[in-house]
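Peer 1: Below, each chain spelled out in residue letters.
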Amino acid sequence: MSRRVLAKVSEVKPGAPKIVTAMGRQIGLFNVGGEYFALANRCPHMGAELCKGWIVGLVQSDAPGEYRVTRPGEFLRCPWHGWEFDIKTGQSWCDPKSVKARNFKVQVEPGSELVKGPYVAETFPVTVEEDYLVIDL
Amino acid sequence: MQASLAGAIDCDLHPPLPGVTGLLPHLSAYWRDQITNRYIDKLPFQLSSYPATSPLSARPDWRPAPGQKAGPEPIRTHVLDRWGLGLAILNPLHGAVALFNNDMAAALCSAVNDWVAKELLDAEPRLRASILLPVHDVELSLREIERLAPDRRFVQALFLAMGEAPLGRRVNWPLFAACQKHGLAVGIHAGSTYRHAPTYAGWPSYRVEDYVAQSGAFETQLLSLIAEGVFQTYPKLKVVLMESGLTWLPHFLWRTGKTWRGTRPEVPWVDRAPAEIVRENVRFTLQPVDAPRGEPEVLARVMEHLGSDNLILFSTDYPHWQFDGEEVLPAGLGRTTIKKMLVENALDTYLRLREGAAGERALSEETVP
Amino acid sequence: MNVPVRQPVAGQRLMVVDCDIHPAYATPTALYEFLPQRWRDHWSTFGTFFRPPLIGQLPFPRMMAGGMRIDSFPDNGSPPGADLDLMRRQLLDACGVEVGMLIALSRGGMEERNLDFAAALSAAANDWQLHAWCEPEPRLRAAIVVPQEHTEHAVAEIERRSDNASFVQVLMSPRTADPLGNRRYWPIYAAAEAHNKPVALHVAGFSGGHSSTPTGWPTYYLQEHYAQATGMQSTLASLVFEGVFERFPKLKVVLIEGGFAWAPALCWRMDKAWERMRAEVPHLKRPPSEYVREHVWFTTQPIDEPDQPEHLVDIIKWIGWDKIMFSTDYPHWDFDDPAQVFAKLKLTGKEKAALFRENARAVYGLP
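From first to last, the protein sequence lines are chains A, B and C. Following this note's numbering, the numbering of the first sequence begins with 16 at its first residue and continues without gaps. Following this note's numbering, the numbering of the second sequence begins with 754 at its first residue and continues without gaps. Following this note's numbering, the numbering of the third sequence begins with 4 at its first residue and continues without gaps.
If you are wondering where the hints come from, they were derived from the structure by calculation, not from laboratory data. Do not take every clue at face value.
Derived lysine-lysine pairs resembling BS3-like cross-links, with alpha carbons at most 27 Å apart [as the list claims (entries may be wrong)]:
| id | chain 1 | residue 1 | chain 2 | residue 2 |
| --- | --- | --- | --- | --- |
| 1 | A | K112 | C | K347 |
| 2 | A | K115 | C | K347 |
| 3 | A | K115 | C | K349 |
| 4 | A | K67 | C | K347 |
| 5 | A | K67 | A | K28 |
| 6 | A | K112 | A | K67 |
| 7 | C | K349 | A | K112 |
| 8 | A | K23 | A | K67 |
| 9 | A | K67 | A | K33 |
| 10 | C | K349 | C | K320 |
| 11 | B | K795 | B | K822 |
Source: prediction; values computed, not measured.
Let the hints inform the model, and build the full structure from the sequences given.
Peer 2: Take a look at the structure:
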């Protein structure tokens, strides 16, 4: 297992995930209200590129004909079948126990700490001025 | 060996009904006038879905003798006494429901219901009945439910599988509210008022195909009730699909479950998979069982696909010709399935069956196989 | 562009026949070049004339991006399914599609109420399939689109196209004016049988004049989507009970996107009802299920996904391992990927080969 620096924090904006490749694997990085999350770019259902889906809220209802959008920006709809996934946990809304997108714990690290090493940065240099999103992979 | 049916509850059988003349005592002066002056009393009011002479409509040994008076006797002989049943729920299939004049439909439905109460329920304590409703008029149907609800022998409101619009539509909700309030089940029985073609491509040439199409109507109605949120709004409501064929259900649960996962935001009140809702709120009468003859292992697998012993309610579908001789329980059903189906599931579905002498008797005889 | 999620490895690839691919017109007037001036003028003035209440849209709006995979929209702004290069990248190459069956649903005249226009549209749609798809991409095969309510033209179109090996089947909508078993459609079956072309019936959004369920129109897309499954059951029952397979003993029918897990229960139901009512249909010499077993094939998408995958294996076993054919429905939202679709079913190599490839090769007589 190694620490991998995936992106600059400044590159991952709310509502606009960044998909990066680490160890040959695609990972989507998400900014939900200033917190960062990472999901495998693969839907556990039919294999679609999950992180290219829509970032949405969770529609809920208190009674037929009433609609509430809750937790805006916290869910991802698969670009194929539209199943909804909680960005923070990878769990699907329809079947949270059995249908789950792989998720990774993301840490925000200042460049000044990272340069002390060891780390792997796939495609870019790490500088002391920036903050970075880091996962253990 | 056939399991004993003693004390079982038959949840779908059809009483012989009187001609319109027999209903006249239960009609108002206005309707008596209309009916006699327009010769409506000479009309058969036979649903096209169940022509009397068609093989499906009556088993050869259950065909009414010519000139036989409508009454409880054939049901006693052919069903209740024959198998020692505890209770039986009558579903009167009367053509009044197909009329376009809703007032006339309502008057005739009321007359049928009153006739059933007087001539059948009063005469035979083991009988219960569904309320025949003028289903195309919600207000008149509601009035009929409220009128009969105090008579605890009526245990269910009766709808046909094919009507003017899918039943889950919000316009019908006052009926569901009333049923939940009064502890009445909502019963949907095979049959059509032919407001639409029986298939999405029009009218079949043959009755046999028309009958086959009924199962599609049950699928439609069940999904309508689920999608519209009827069970979220009326969580205690029990819906019983009668004479539906039964074995279409696993596919229904798989397909709707999958589609719901992707289309859920369209109906966000459906907060559980359809299969969960069905297991809680919906039941199915036994006959007919659409399964291959002589392959009990296939039916056993279908029951595994269903994954619940709570769903089926015992029924003979008397006098429809769904089985021969004594073979009302098809081979392939497990012991637990049979045991629960005969009494327990019905008592959990029709709350009113627990009341009164006959209900207590059924309860005390719960010791079936 | 990111690296594809799945990198196919040469030599280990599963070769598949995809029995349901939807090509789209790159522009709304893409068919004009295949139409006589008279019909171009008609189209640009009066438009197409279908039975649903809205022009250019269905009254049950779909759930995902107009019913499309979000990732299937070409960069050039054309609609999903219109760009052959993208179709190659996303489907033919990525999924190892050896042969793909085009199902040209839109504006082929199947639902057009003006029958002469319907005839012109179907002829144009067939020319377009050759020109835009089969000629540039030899992996693709076309279906002869016919306007089923215009029997005479439908037959002529089958006669005209049959010698072209790119056309492997005849495509009709199951949402007809009368049930498909009705005798008015029999000349089409006679022509299909004579030219040894299976008749493909793909679910359709446009009605032929009847509500999508026997108890009226549903409310939600979720319900309308399901109505395709009940509708397809009634289509199959109609073909059986009207005696189509008795009259056309070599006819093959392929039911596309209507599901298949309902088929065993429907066959049991038909057999049971036939047993009681057979005197009404003496033209049937055998139980309904036998006609189905002999004459009907099913495509897999959208695959049913029971909690216990082996339940679906029961279904396939009951229908017959030789009767089920894989399909993706590209570029539609409920796409099935061959790498995933049967992953939980624990199939043998032989069973997989049957579903992905061999059954289709047999039905369509592919080399």
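Peer 1: Would you check the hint for K67 (chain A) and K28 (chain A), treating anything up to 27 Å between C-alpha atoms as holding?
Peer 2: holds, 15 Å
Peer 1: Is K349 (chain C) close enough to K320 (chain C), meaning Cα to Cα at most 27 Å?
Peer 2: holds, 13 Å
Peer 1: Keeping to a limit of 27 Å between CA atoms, is the pair of K67 (chain A) and K347 (chain C) held or broken?
Peer 2: Within the cut-off at roughly 25 Å; holds.
Peer 1: Please work out if K115 (chain A) and K349 (chain C) have their alpha carbons no farther apart than 27 Å.
Peer 2: Roughly 21 Å between the alpha carbons, so the hint for K115 (chain A) and K349 (chain C) holds.
Peer 1: Does K67 (chain A) pair with K33 (chain A) here, judged by a C-alpha cut-off of 27 Å?
Peer 2: OK: K67 (chain A) and K33 (chain A) at ~9 Å, within 27 Å.
Peer 1: Just to be careful, I want the Cα atoms of K112 (chain A) and K347 (chain C) compared with a cutoff of 27 Å; is the pair within it?
Peer 2: At roughly 17 Å apart (the allowed maximum being 27 Å), K347 (chain C) and K112 (chain A) satisfy the hint.
Peer 1: K349 (chain C) and K112 (chain A): Cα distance at most 27 Å?
Peer 2: Within the cut-off at roughly 22 Å; holds.
Peer 1: For K112 (chain A) and K67 (chain A), compute the direct alpha-carbon distance and say whether it is at most 27 Å.
Peer 2: holds, 23 Å
Peer 1: Taken at face value, is the distance from the CA of K347 (chain C) to the CA of K115 (chain A) at most 27 Å?
Peer 2: Roughly 16 Å between the alpha carbons, so the hint for K115 (chain A) and K347 (chain C) holds.
Peer 1: Can the restraint linking K795 (chain B) and K822 (chain B) be considered satisfied, given a maximum Cα separation of 27 Å?
Peer 2: holds, 17 Å
Peer 1: Holds or violated: are the alpha carbons of K23 (chain A) and K67 (chain A) at most 27 Å from each other?
Peer 2: holds, 20 Å
Consistency with the previously given hints is maintained throughout, with no hint failing.
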